[in-house]
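Enquirer: Now for the letters of each chain:
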Amino acid sequence: MIDRPYDVLSYALLVHAAPYSEQGALSALRFAQAAVAQGHRVSSVFFYRDGVHNASMLMAPPQDEVHLAEGWRSLAQEHGTELLVCVAAGLRRGLMSAEESARHGREAHNVEPPFVLTGLGQLVDAMLGNDRVITFAP
Amino acid sequence: MTDDETAPAADTQPISLDLLVILRHPPHGSSWLREGVDVALVAAAFGQAVGLLFQGDGVFALVEGQGAGPLGQKGTHAQLAMLEMYDIERLWVSASALRARGLTLADLALPALALEADEIDHLVHAQPRTLLF
Chain A
2 MIDRPYDVLS
12 YALLVHAAPY
22 SEQGALSALR
32 FAQAAVAQGH
42 RVSSVFFYRD
52 GVHNASMLMA
62 PPQDEVHLAE
72 GWRSLAQEHG
82 TELLVCVAAG
92 LRRGLMSAEE
102 SARHGREAHN
112 VEPPFVLTGL
122 GQLVDAMLGN
132 DRVITFAP
Chain B
36 MTDDETAPAA
46 DTQPISLDLL
56 VILRHPPHGS
66 SWLREGVDVA
76 LVAAAFGQAV
86 GLLFQGDGVF
96 ALVEGQGAGP
106 LGQKGTHAQL
116 AMLEMYDIER
126 LWVSASALRA
136 RGLTLADLAL
146 PALALEADEI
156 DHLVHAQPRT
166 LLF
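Protein chains in written order, with the working numbering: chain A, 2 to 139; chain B, 36 to 168.
Pairs of lysine to any residue, SDA-like flavour, derived with a Cα cap of 25 Å: (1) B:Lys-109 <-> A:Ala-89; (2) B:Lys-109 <-> A:Ala-19; (3) B:Lys-109 <-> A:Thr-119; (4) B:Lys-109 <-> A:Val-88.
In short, the hints are calculated from the structure, not lab data.
For reference, chain A alone in the conformation it holds in the complex (with noise of 0.2 Å):
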């Protein structure tokens, strides 16, 4: 929170909203893109709840509609954000990096980098060195 201009603030985003079932997966892309684009940080995304959906890389939606994983990727590659996504509503839905697969025994894994399985204290981190939170629920 040094060394800027006054005016400009570091964001963290908290998805609960499943990808396509819900406008608020779409508006927290929509909106971490607008406030990059105005200059201002968007430092981690926690994905939570139904929200662990958007880090699947098997998401293959239609040409004509926006494809969220790919969308968070993008931020991820060009803004530096974390794409946080909590192990524990994301395993028991069925999310699962390389690791989590081996350590579970399973033949297949569905989220790679830059989405990262995490735990919540990663999202307690993100309020306390964040100016703002923004929750995008369904």
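Go by the hints and put chain B onto chain A.
Expert: Just chain B, lined up with the frame of chain A:
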């Protein structure tokens, strides 16, 4: 009803916590309340001062016996039983939500403070961070 009893002097200037978690969903039928309490427990484990505000059907979580039931889900009793161990002692409940459901503070299994709408307004505005579940 009990307006005089629900507005102790200490609450005219609401305490400012690190995090207020507002729980508005019933303890059964969805995982909203369980996953909200999870956030509160983890934040408390990380040394944050955490309070809970129960509104709407969320107040049912404070009524005795919210364990696993016919719906085949866990219920919230086990989690709420851990609040004290995690030093989460600030529990507030919407007085109007209690009244609308025919409940009183005597029906609740944990010691909570009932707040009227204007007091809830003051409480929420005094918090630096609020999460809604």
